[in-house]
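Protein chains: 2
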Amino acid sequence: MDLADDYGRKRVIIKNVKPEIDSGKFPIKRVVGEKVVVEADIFTDGHDALSCLLLYRKNDQRNWMQAAMTFLGNDRWRGEFTVTQLTTYWYSVQAWVNNFKSWSHGLSKKVEAGQDVAVDLLIGADLMEEGSKRGSGSEANKLKQAAALLRSNSEPIEDRIELALDAEYAEMMASYPDKDSATTYEKELQVVLDREKARFSTWYEMFPRSCAAEPGQHGTFKDCEARLPYVADMGFDVLYLPPIHPIGQTHRKGKNNNPAAGSDDPGSPWAIGSEHGGHKDTHPELGTLKEFRQLMTAAQKYGLEIAVDIAFQCSPDHPYVKEYPRWFRWRPDDTVQYAENPPKKYEDIYPFDFETERWQELWAELKDVLFFWIDQGVRIFRVDNPHTKPFRFWAWVIAEVKRKYPEVIFLAEAFTRPKVMYELAKMGFTQSYTYFAWRNTKWELTQYFTELYQSDVREYFRANLWPNTPDILTEYLQMGGRPAFMARLVLAATLGANYGIYGPAFELCENRPREFGSEEYLDSEKYQIRHWELNRPYSLKDFIARVNNIRRQHPALQSDWNLCFHQVDNEKLIAYSKNTEDLSDIIIVVVNLDPHHRHSGWLELDLEALGLLPQQSYQMHDLLGDAHFLWYGSKNYVELDPQVVPAHIFRLRRRVRTERDFDYFM
Amino acid sequence: MDLADDYGRKRVIIKNVKPEIDSGKFPIKRVVGEKVVVEADIFTDGHDALSCLLLYRKNDQRNWMQAAMTFLGNDRWRGEFTVTQLTTYWYSVQAWVNNFKSWSHGLSKKVEAGQDVAVDLLIGADLMEEGSKRGSGSEANKLKQAAALLRSNSEPIEDRIELALDAEYAEMMASYPDKDSATTYEKELQVVLDREKARFSTWYEMFPRSCAAEPGQHGTFKDCEARLPYVADMGFDVLYLPPIHPIGQTHRKGKNNNPAAGSDDPGSPWAIGSEHGGHKDTHPELGTLKEFRQLMTAAQKYGLEIAVDIAFQCSPDHPYVKEYPRWFRWRPDDTVQYAENPPKKYEDIYPFDFETERWQELWAELKDVLFFWIDQGVRIFRVDNPHTKPFRFWAWVIAEVKRKYPEVIFLAEAFTRPKVMYELAKMGFTQSYTYFAWRNTKWELTQYFTELYQSDVREYFRANLWPNTPDILTEYLQMGGRPAFMARLVLAATLGANYGIYGPAFELCENRPREFGSEEYLDSEKYQIRHWELNRPYSLKDFIARVNNIRRQHPALQSDWNLCFHQVDNEKLIAYSKNTEDLSDIIIVVVNLDPHHRHSGWLELDLEALGLLPQQSYQMHDLLGDAHFLWYGSKNYVELDPQVVPAHIFRLRRRVRTERDFDYFM
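Chains as they are written, first to last, in my numbering: chain A, 152 to 817; chain B, 152 to 817.
Think of the hints as simulated: they come from the structure by calculation, not from any bench. Take the hints with a grain of salt, since some may be wrong.
Copies of the same chain are indistinguishable here, so a pair counts whether it falls within one copy or spans any two.
[Claimed, not checked] Dumping the calculated DMTMM-like pairs for lysine to aspartate or glutamate here, alpha-carbon to alpha-carbon at most 20 Å:
(1) 518 to 157
(2) 261 to 484
(3) 330 to 192
(4) 261 to 491
(5) 166 to 607
(6) 209 to 185
(7) 518 to 671
(8) 786 to 290
(9) 166 to 610
(10) 496 to 484
(11) 176 to 339
(12) 176 to 337
(13) 169 to 607
(14) 338 to 173
(15) 677 to 322
Sequences and hints are given; from them, build the entire structure.
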């Protein structure tokens, strides 16, 4: 153990710093404008007073900025800072024994007890004189003069005591601290910044090839352009397209995943690569790269950003297979190992062999694919099955991209074990798919969202909630009909600041599975072109538009951290609130989780969490039905008929007019 | 990011390793013969099979030993090893993708599904051949031959499949793993070993100066020798003496902490140092160093080990004050700063100034004090107020001692805030005082011991429970009379594998406080000599002897990790069990916490935790009263009268005789 220098005099212990992910190995995430609240256990031996600072800086700054930390009790301290630029930030904690503060506390107590403090004043004089040496200008002079006065026997003792305990001098001493023996926390912790859409985004997934105006036609980028107003009118701001690359022929899958494709079957867009090219090319029937760029430009006008799909796998016809055979695993019969999960086979897909000796070359090319699309203007990637590629690859490639383009958003489509999903988020994914689709009961939803939003998970894992995807038509949607779609839409859109739907299947309440017990869609767009009749009267498009409009109007719904569940005495009714930190916007959502029956119950709001007094009236404005209710106290009655609307989205207004607002009230 | 070498091919993630204290900054503690159970989250991308090893080694070994880890579900793995020597151990975790295991799983599934596996057998042949190259001797040959057979088309496919899935070959492959891309956890974690007494010890504190045979005399080391049989008969194995050094005269405290001592007042033993010497000397009235060593030798014969008090502070008369004035803080009036906690003053005590520039010199001398007593044969130190000296000092000095004398035990007497107490334990203290003295209700006891024994705290903090000390006569003892002393004795002795009492005050049920509302003893031995009449009929010495005998007989009570609380439907009755891991020894304790009234209730045992079937009879043998009860099922009746004995200490015997044991039963 090193006994040199000032080792033995650093008496302060700093530990249990939060947030800190895996001992500081991974950054926390924030969007521009958010706060970072840091807590730490800080203490020293004995009874001396401490001063504690939160240190923070931007990546390119050498010097720390500092924020005061305040004492919370039980040796815990808290400070905060706001991140304002799209760059990396660092933070740490510093603390030291504050002898002036200790002395000042002791002096007060001795004065109170009527003890002789003559010597104590001399000690204070010494401390102030030392302080003056660390200071400068008029303050330093003032401290020096004060020290002299404290020492002067000709001054009345009462005056000297008053001077010694003067807040102004305490403040001056605080600005020139004696940090000789300060302890700085041994780690610098990182904050990765994202743009605001990382926290608040509304996604719509759609197959371009199903967008043709005429049934039976293969949709094109041009057709997608025509579909933009439809999507924008529903209030979405991200339009995500499944892979737009050439599709392989070998072992192409037919309708409903038939192992033998018919001659007119278009194949799965995830079987990427053909004689027309690979990951840097567009499918000829969709259009040219130029037309894709035109689509992006057009989308922008509607407030829509195009997200593309990154699926790092190949069809047997992908040019890579011939050009870079060493990137694949070869079998003893001189064929390439196709994807399999025995006994299931996916012969239309060749996975990359990430254990190849040529992994550096492979990584470089995959990175190049990302930069290719970034060069086309893409800034959002939805990454297919990231959990089947090495974690280290993602850590590297995302860091490479974000170093140059910090605005790029990566959504991880990993439906796998929880620890693997969380680990991917730590590797740098901006948003992540979740288990939301399979969380249907009040208990399940409460448990899951408490884990996602109230634990450390929220520091690095940003949930993006999808009630359906082309792979997932849940039993709840299959069996619950239109009310089930409405309920799940409201849950996704209000539990998740980020959410998305796969349409038009969703708004048209498409709920036929390929077979009983399957979550696959019948006649899935993954294997065939569908023509959707968008103006069916039962379409939820207006309902979705209304919900998305509420999201846009209400900042409370644009963040997840303030989610709070409230009690309802009926298991089928779930209630929760979201609010802005200043409580200026409070949204209360109540959903009937049973799509078949009307349910009612007594909702018990946590009034304190909402800043309400127990005896106060308040107004509940149902933004979905536009009805107004006057509520009083914590318990109020709710009733929801799924055949009408299975949810309330209330805005809570604290201010209710009383006689005092009446003009002639005196 | 480094893309060189095998970086990209290490696909396995190892994290959330337990036990790991503060990111591995501090060791865990074990005594010789105990197990270290290690768990970790281990996973990789995709669906490949993993092999996971727990690595461990002694400090002086270069190579890791290894233990298999088994899968617990949810990506969690567990392994264990036993520590067998009084030295430092290290452990870590290693894991790799096991291609042979993945292949073998896949093959089974394909065979089950009736798929063609011809190519798969060739892949297996390649894997086995590679395995044979890593292996040696006959096993390597066998693998090579197996590879050839798998490739041989002349062999029937069924035989080849059988061979491929043969467990013997799987085992051989497991012994020659392909660890090229293995991930080793980035930290090596430490285990500090202690001797068994660190885990199981029974302490008796006694003032030597109160041991004289005649009232009014100053007791000596010789008198202590005469007292040894008395202490040993009660079943203690550590005899702890408050400081035995010369006591200062200046500002000496009189009886009952009177600021002015009378001429015959002996002073506080914690005011160390006089003209007769300091921390390396004995108080002349107690005897010589030689006589102290004789006492230690005599104690040994009675199975008692002497623990001495380490109080790093000085009386104003300590030789250090003149010899090393820079070790103290000087006030502007050229006096030394005495101890204070404004407005309280302790003018008979000069604390060391650990902020002195001479701190290296000071640390070296304090270390020397420890080694001085070690040289006299002392191996147990009870350290007074360690929380008023820097944490780093303790980390250093304890490491210095244990490097040479790993058998030394340090007990931390820190009654301060919880985080400070835990931090001191991390610095290396072997055992620690606790809040036990102030935990009286069922809820308090359950909460506190769950925190101490069921959380990570137990990995580094070994509780030592004291119902009283010379500083602490709790209100519970003051008000509850003899039954309170009995109840607290049973709680301390059965909740804590380590416990101690301050006697003879304890066994004589001394319960008069200095004044109402104070926890100080009236006529405290801290300031005066007491003469105790040890044979008073109400003495608890026989009761204590019986309880300590039960502790010695029952390994269940010699460890704290298996504590389990059980429900009783009466708030005044607390019930808990301790058992050996193999359940061969099970002790159930029931205590009436109300010293004033008889209480009864229904005790509901957690039968599963105790290895009992719900419908089974079992025998409860009350080791205190020697009564036997036949119990059945989980709920049984208990009743305790504090005026008789306020506790049961049951031994549970699972085996109850039935008709099947009757000689003529057929």
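Violated constraints from the hint list, given by number and in increasing order: Violated hints: 7, 8, 15; rest satisfied.
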